[in-house]
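Protein chains in written order, with our numbering: chain A, 6 to 370; chain B, 7 to 523.
There's no promise every hint is true.
[Unchecked claim] Partial selection, computed: residues in chain A whose CB lies under 8 Å from chain B: (1) Leu160; (2) Tyr180; (3) Gln213; (4) Gly214; (5) Gly347; (6) Leu357; (7) Leu361; (8) Gly363.
Treat the hints as calculated values from the structure; they're not laboratory data. Using N, Cα and C, we set each Cβ at its ideal position, and we do this for glycine too.
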Amino acid sequence: MSDITAAPAPRGIPARLLIRGAVIAAIALLALLPVLNTLPAGSALRVSDFTVAVTGKWICYGVLALAIDLAWGYAGILSLGHGAFFALGGYAMGMHLMRLIGPRGVYGHPVLPDFMVFLGYKELPWYWLGFDHFPYAILMAMLVPGALAFLLGWLSFRSRITGVYFSIITQAMTYALMLAFFRNDMGFGGNNGFTDFKELLGVPLNTQGARAGLFYAALILLAGSLILCRHITSTKLGRVLVAVRDAESRVRFLGYSVTSFKLSVFTLSAVLAGLAGALYVPLVGIINPGEFAPGNSIEAVIWVAVGGRGTLVGAILGAFSVNALKTWLTSFAPDLWLFVLGSLFVAVTLFLPRGLAGLFRGRTK
Amino acid sequence: MLRILLLLAFLAGALPAAAQDAFIEALPGLAGAFGTQAEAVERLGAGGDPRALPVLRALSDGQLRKRDTLIILPNGTDAATGQPADAAGAETVRINNRVRAALRGALGRLQLVSANPDERLAAADSVFRSRSAENIAPLEAAIARESVPRVRERQELALAASRLVAPDAAVKRQGIATLGGASSEDARALLLEARATNPDLAAEVDAAVAAIDGRLAFKRAAETLFQGLSLGSVLLLAALGLAITFGVMGVINMAHGEFVMLGAYTTFMVQEALRGIPWLLPWSLPLSVPAAFLVAGLAGAVLERGLIRHLYGRPLETLLMTFGVGMILQQAVRLAFGAQNREVLSPAWMQGTLSLPGGILITQNRLWVIVFSLLVLALAFAAIRLTRFGLEMRAVVQNRRTAATMGIRTGRVDALTFAFGSGIAGMAGVALSQIDNVSPNLGTGYIIDSFMVVVFGGVGSLVGTLVGAMGLGVLNKIIEPWAGAVLAKVAVLVLIMLFIQRRPRGLFALKGRAADA
Numbered sequence: 006m007s008d009i010t011a012a013p014a015p016r017g018i019p020a021r022l023l024i025r026g027a028v029i030a031a032i033a034l035l036a037l038l039p040v041l042n043t044l045p046a047g048s049a050l051r052v053s054d055f056t057v058a059v060t061g062k063w064i065c066y067g068v069l070a071l072a073i074d075l076a077w078g079y080a081g082i083l084s085l086g087h088g089a090f091f092a093l094g095g096y097a098m099g100m101h102l103m104r105l106i107g108p109r110g111v112y113g114h115p116v117l118p119d120f121m122v123f124l125g126y127k128e129l130p131w132y133w134l135g136f137d138h139f140p141y142a143i144l145m146a147m148l149v150p151g152a153l154a155f156l157l158g159w160l161s162f163r164s165r166i167t168g169v170y171f172s173i174i175t176q177a178m179t180y181a182l183m184l185a186f187f188r189n190d191m192g193f194g195g196n197n198g199f200t201d202f203k204e205l206l207g208v209p210l211n212t213q214g215a216r217a218g219l220f221y222a223a224l225i226l227l228a229g230s231l232i233l234c235r236h237i238t239s240t241k242l243g244r245v246l247v248a249v250r251d252a253e254s255r256v257r258f259l260g261y262s263v264t265s266f267k268l269s270v271f272t273l274s275a276v277l278a279g280l281a282g283a284l285y286v287p288l289v290g291i292i293n294p295g296e297f298a299p300g301n302s303i304e305a306v307i308w309v310a311v312g313g314r315g316t317l318v319g320a321i322l323g324a325f326s327v328n329a330l331k332t333w334l335t336s337f338a339p340d341l342w343l344f345v346l347g348s349l350f351v352a353v354t355l356f357l358p359r360g361l362a363g364l365f366r367g368r369t370k
Numbered sequence: 007m008l009r010i011l012l013l014l015a016f017l018a019g020a021l022p023a024a025a026q027d028a029f030i031e032a033l034p035g036l037a038g039a040f041g042t043q044a045e046a047v048e049r050l051g052a053g054g055d056p057r058a059l060p061v062l063r064a065l066s067d068g069q070l071r072k073r074d075t076l077i078i079l080p081n082g083t084d085a086a087t088g089q090p091a092d093a094a095g096a097e098t099v100r101i102n103n104r105v106r107a108a109l110r111g112a113l114g115r116l117q118l119v120s121a122n123p124d125e126r127l128a129a130a131d132s133v134f135r136s137r138s139a140e141n142i143a144p145l146e147a148a149i150a151r152e153s154v155p156r157v158r159e160r161q162e163l164a165l166a167a168s169r170l171v172a173p174d175a176a177v178k179r180q181g182i183a184t185l186g187g188a189s190s191e192d193a194r195a196l197l198l199e200a201r202a203t204n205p206d207l208a209a210e211v212d213a214a215v216a217a218i219d220g221r222l223a224f225k226r227a228a229e230t231l232f233q234g235l236s237l238g239s240v241l242l243l244a245a246l247g248l249a250i251t252f253g254v255m256g257v258i259n260m261a262h263g264e265f266v267m268l269g270a271y272t273t274f275m276v277q278e279a280l281r282g283i284p285w286l287l288p289w290s291l292p293l294s295v296p297a298a299f300l301v302a303g304l305a306g307a308v309l310e311r312g313l314i315r316h317l318y319g320r321p322l323e324t325l326l327m328t329f330g331v332g333m334i335l336q337q338a339v340r341l342a343f344g345a346q347n348r349e350v351l352s353p354a355w356m357q358g359t360l361s362l363p364g365g366i367l368i369t370q371n372r373l374w375v376i377v378f379s380l381l382v383l384a385l386a387f388a389a390i391r392l393t394r395f396g397l398e399m400r401a402v403v404q405n406r407r408t409a410a411t412m413g414i415r416t417g418r419v420d421a422l423t424f425a426f427g428s429g430i431a432g433m434a435g436v437a438l439s440q441i442d443n444v445s446p447n448l449g450t451g452y453i454i455d456s457f458m459v460v461v462f463g464g465v466g467s468l469v470g471t472l473v474g475a476m477g478l479g480v481l482n483k484i485i486e487p488w489a490g491a492v493l494a495k496v497a498v499l500v501l502i503m504l505f506i507q508r509r510p511r512g513l514f515a516l517k518g519r520a521a522d523a
């Protein structure tokens, strides 16, 4: 597990520089997509609306994978509930988008969203107040997942609940939240969730411009998260985290407060996941309690495992490649997808513990 | 038909002449105006003559016909004589609501003396609801003759209800005292009604209501306890196998729920295989138990030898890998059997409800699941404590190397232990096929709850699993009436998380070195 500092590549070019160059090139290529989308319909280089939307979705997944990797790959905290943080961020943004619909809903109520009129609400519940302001919604998309992660982490790490026990608790958390959000009387739209969004920041959502804007926002979030995580993992904080992962008791006996290290990285990870969810919802146009399903969280963990945990670029690579495989496979052999996904779990854990990134690194050595 | 007529004639002959006369005298009244009709119905009901019953039933069903004062039954005979009557020019007897009300009471009173106990029971209930002081005498007579205890019980309640509306205060008090001994919501409502109309009897009524409330509370508590134990037994079944694979071996198997699902499908397959042998079909469920144990156990042994053993010491990887295996198993079953639910029949001896004293109702199949879960627990306990395999298993858990030097083949013990835990999951599937839908995702609903039970009860302790499962089951059912099923589940999860704060190793923590392993 000492592969945190990359091995030197042949012919004297540091591997770190190679990777950095590749990442910048990849981000630049991605940034081209919305531009290619504006080309005329007959052009050979034209990219479809679908491709832009799907790639935008994958970028959000990439941020989620990064968040999981930060906690799992570096600090050894395997969360099976990161989908919950992602969904909570999504719900915060969804509430904002619902408020922006205003009187354009089916029932035409000036304030209440359609589902509330349908369920007989007389006024907006108190926890919906403030969501008509965009900055407040973004703040909540970070604050709510962060606070939940802080509370859960504080309760768990303090009493030294680690390893699989913590994983199961996080899974139970997302399961409980899913059950709760399925209820109509929670005030979050029950099993239909939120959809039929109209606009964001004054721009109608179903336009090319809005799609491009959201795409760039997601790309900036991904790049920003990557830089932030890079910074965290390459400083002393990152080394302590890796030490906690590999020998928690020793770090504790050396006088470090393991609890606060784990707590801060877990909370930060949840905030990143929340932000990813907040951008995901306007991109796909819907959020419902299905996002809390334990299966979603564990699928996100396998992206990281496939890409290579403990390497930031690997996590993003994993999110992209597994989702590309999923999009491609579910379109022509939907029955096969679950077999393939299940086999990925088995194959990666048994034969490729360091993921795709490990494969790459093994060859350059 | 002739036989019935003969019987009627015989009964008529056995009756006192006065009653006969009353029947014959009252009959023509049915052909009169509504007021006369109602009076006639009352008289027929009060007379207690068995011949009146078919007449009044026909009247109530709109099947009675008349020609002048001749009353004709639906079978075309003269109601008075029992002889075939000339039905030409006869018209249907019409009734109004007043007559209908009189009919209800009269029919109830007549049915009180019916030969069929079920009919007498229904009559007692209808008299209980109609509540009239006039019912007192017929009820007293009926009770004196009654030999079936359950009918007598209801008749006494009906009598008490009728006494409640009697003019005499002493009779009323008698009624209140009897109703106070009942344990039904109906009796309680009747008493509260009587309290409003009889302020002078308020003290007695209040005492009787308090007595009923006490018994109702007990009944509710007993039913909640049973439901809780029932849920707990399901949790126990699902968690027992996990207590062995996770608790004893430390292997986290996310495909555990899928082994439960395999057990349920094995039950379905055994049932389908036995369709050709009718005499064996009722026993398909007991036969499924060993079959499910073998199927799931074999799957577990293959999983352990083929995959899991390569990942010992890496619990997080084991978790992910077994999750993938579960996914593959689920999809394979979905493709093989289809995504819709499969029906597993309950044998006759498992159906129906059991009624305990105090009005507590218990569904038989739930009771069987509780019994079955305790049997499986005993089996697991015996296997671990009393057999050579159990001894070797405990030795390997305590110290793998020492066990190996003593000549125990640790790899074989690992495989057997895992197969044993998986086999128990399969047996859980047999039980779950009786109370849940047999579908490919049967197991996913139980896996999180099972882990909670094992963590709550204490990893590595079968007693802890028992107490944990029953405790969580009962707790869930206690919270449910206030919060609803979903919030109760959420509340229990939150409570477990808080509980682990106080006792991170669960209720029954292992002590000593084994705890740190």
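Against the structure, the hints:
1. Leu160: holds (6 Å)
2. Tyr180: OK, holds: tyrosine 180 (chain A) within 8 Å of chain B, min 5 Å.
3. Gln213: violated (38 Å)
4. Gly214: violated (40 Å)
5. Gly347: Result: holds, 4 Å to nearest chain B Cβ.
6. Leu357: violated (11 Å)
7. Leu361: Since chain B brings no Cβ nearer than about 16 Å to leucine 361 (chain A), farther than 8 Å, the hint is violated.
8. Gly363: violated (14 Å)
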